[in-house]
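> Could you build the full structure based on these sequences and the hints that come with them?
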Amino acid sequence: MSHVITTEGLTKTYGSRTVVDGLDLRVPEGCVYGFLGPNGSGKSTTMKMLLSLVRPTRGEISVLGRPVDHRTRHELSPHIGSLIEAPPGYGHLTGRENMAVVQRMLGSSDRQVARAVEIVRLGEHMDKRVRDYSLGMKQRLGIATALARDPRLLVLDEPTNGLDPAGIEEIRELLVSLADRGITVMVSSHLLDEVDRMASVLGVLGRGRLIFQGTREELFDRSVPDLLVDTPEPERALDLGLPAVRGPGGLRLSGFDDAATADLVRQLVHHEVPVHGVRRVRQSLEEVFMDLTGREGLS
Amino acid sequence: MILAELVKLRRSALWLVALVLPVLTVTAGALNYAGNRSMLSSGWAPFWSQVVLFYGLLFLSMGVAVLASAAWRMEHRGHNWNLLMSTPIRPAAIVGAKIAALALVVAFMQLVLLVLVAVVGRLVLGLEGMPPWEQAAVAGLAVVAATPVIAVQSLLSMSIRSFAAPVALGLLGCVAGAGVLLGGGGGVLSHLVPQALVSSALFLGNTAVADSASLDPGAVGTIVAAAGALTAAVWALSAVLLARREMR
Ligand SMILES: Nc1ncnc2c1ncn2[C@@H]1O[C@H](COP(=O)(O)OP(=O)(O)OP(=O)(O)O)[C@@H](O)[C@H]1O
Ligand SMILES: [Mg+2]
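Taken in order, these protein sequences are the chains called A and B.
Numbering of the first sequence is given in UniProt numbering, commencing with residue 1 and proceeding in unit increments.
Numbering of the second sequence is given in UniProt numbering, commencing with residue 1 and proceeding in unit increments.
Calculated from the structure, these hints are not laboratory results.
Possibly wrong hints are sitting among the right ones.
[What the hints assert, rightly or not] Which residues of chain B face chain A? A few of them, derived with a C-beta cut under 7 Å, are: (1) SER86; (2) THR87; (3) LEU111; (4) SER214; (5) LEU215.
[Unchecked claim] Short derived list, chain A residues pointing at chain B, Cβ under 7 Å: (6) HIS74; (7) SER77; (8) ILE84; (9) PRO88; (10) GLU97; (11) ALA100; (12) GLY162; (13) PRO165; (14) VAL176; (15) GLU218; (16) LEU219.
[Claimed, not checked] Where chain A lies over chain B, by a calculated footprint (3+ residues, C-beta under 8 Å): (17) 3-15; (18) 65-79; (19) 88-100.
Idealized CB from N, CA, C, for every residue including glycine.
Encoded structure:
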């Protein structure tokens, strides 16, 4: 599989603070790549480095098969549509005038601009001043700006920020349809929910480190859901010194993989604690995410 | 890129500044002229000298400072820097287009000044005929002479997010420029301090300012050459700084 973005040991340090730490990103061609992490985990900083808006302290970046630095920026930028942190836009100009500014900077054709506006469905608001736009309309204009060059790669930083559920759904469908046309989309969010159903590959950041990269299924496999032990006598089990808390029907234990579970059951049986059942908690993807970022990221 | 800058100027507050400043200038000049009728000989030349006195020393350069801050504020606001820097446009073109757009607004401001001088001179002060062509020539030359100030203020406002700080630095420049001119240091120095260059150009052929040169090809040529060299140097510096800039 060919990768549109690869980084090796990508690192950014501000003063003595390392905000992005040794990332080895692999973004496959034609996918929607969900770039997840809690606030302040380094998503925006990473994306700025991919666009050479910020210089890495260490590490290599290759985008569309070319090394990225401020010298290659003008060669790569015609192929990369981006939206970083908040939608840009000149408030005193209308949507149409904003698109005219972008068109002139990019040298896009009228057709490309018209199509970008059509894709984000902003047509009827084009003659309104951008300072009077709602946040959702600004996001749309920002995405239209990114699309106005027929990009091969889209780098979108929290494009669903501030949108209502219908707006989020619309952006989701839009990004999936763009990926279907072969455009690689990298999209960040601090909410797994938002990217869950659009991203086929996920990268999870915690405190500047890449703590997971892979498919949704691999993410599930990675995490170990809590164990529930059904027993009428939880006190006896607790007396054994197990790292357990009381849970529904008995005990709840964290971080027990399959081997540890077998050991646990053996121990309980050995001490003649009645075991009625052992099962795992069903986890939502969001919980898996919280689990990962909470455990390895923020703690 | 210059086309993109022209779109950005639509409905922008810059035009208001370019309108208000000449109004203030000509009003002040006319009041001065009317108040000192006994001391001044009457006619277009004395009126003009009252108009350009403060305009040349302070108003034009400070106006440019405000215009430059307003022009770059559009980019500092929102996240337009990210947009600007993720296009194929080279830093030199980004900075050059900004300087050109500002020069256009300054040219408009000079035009307003000329029209106001003619209108106020005739209708309010009752002067005969029309202002001499030399005044139009000087006003036009001042646009050229002001490009180094434009370039310097543009560089400051590009680098500093604050609106007021570059304007304050511009005021310092005006003080230095006036010092160079009035201190009689003249010569090379008055062509190296951008604000002094503006004053020198506006005072050409002016009887009210003691050691101003006459409006001859030599003086004009020197001013144009100095303006060109200073602008090119500051432009190049801005482009280099922009290329190295990190986006926040
Ligand atoms: N220019 C800068 N100078 C110093 N520190 C910075 C700078 N830019 C970002 N940081 C710090 O780097 C860390 C990561 O910031 P970044 O904006 O990349 O996080 P993020 O994952 O995008 O967060 P959010 O979800 O809030 O957008 C933060 O702690 C931030 O304070
Ligand atoms: Mg961010």
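> For each hint, tell me whether it holds in the structure or not.
Checked hints:
no.: 1; hint: SER86; in the structure: holds, 5 Å
no.: 2; hint: THR87; in the structure: holds, 4 Å
no.: 3; hint: LEU111; in the structure: violated, 23 Å
no.: 4; hint: SER214; in the structure: violated, 44 Å
no.: 5; hint: LEU215; in the structure: violated, 39 Å
no.: 6; hint: HIS74; in the structure: holds, 4 Å
no.: 7; hint: SER77; in the structure: holds, 5 Å
no.: 8; hint: ILE84; in the structure: holds, 5 Å
no.: 9; hint: PRO88; in the structure: holds, 4 Å
no.: 10; hint: GLU97; in the structure: holds, 6 Å
no.: 11; hint: ALA100; in the structure: holds, 5 Å
no.: 12; hint: GLY162; in the structure: violated, 14 Å
no.: 13; hint: PRO165; in the structure: violated, 25 Å
no.: 14; hint: VAL176; in the structure: violated, 23 Å
no.: 15; hint: GLU218; in the structure: violated, 32 Å
no.: 16; hint: LEU219; in the structure: violated, 30 Å
no.: 17; hint: 3-15; in the structure: holds (count 8)
no.: 18; hint: 65-79; in the structure: holds (count 4)
no.: 19; hint: 88-100; in the structure: holds (count 3)
Hint compliance for this structure: hints 3, 4, 5, 12, 13, 14, 15 and 16 are broken, all remaining hints hold.
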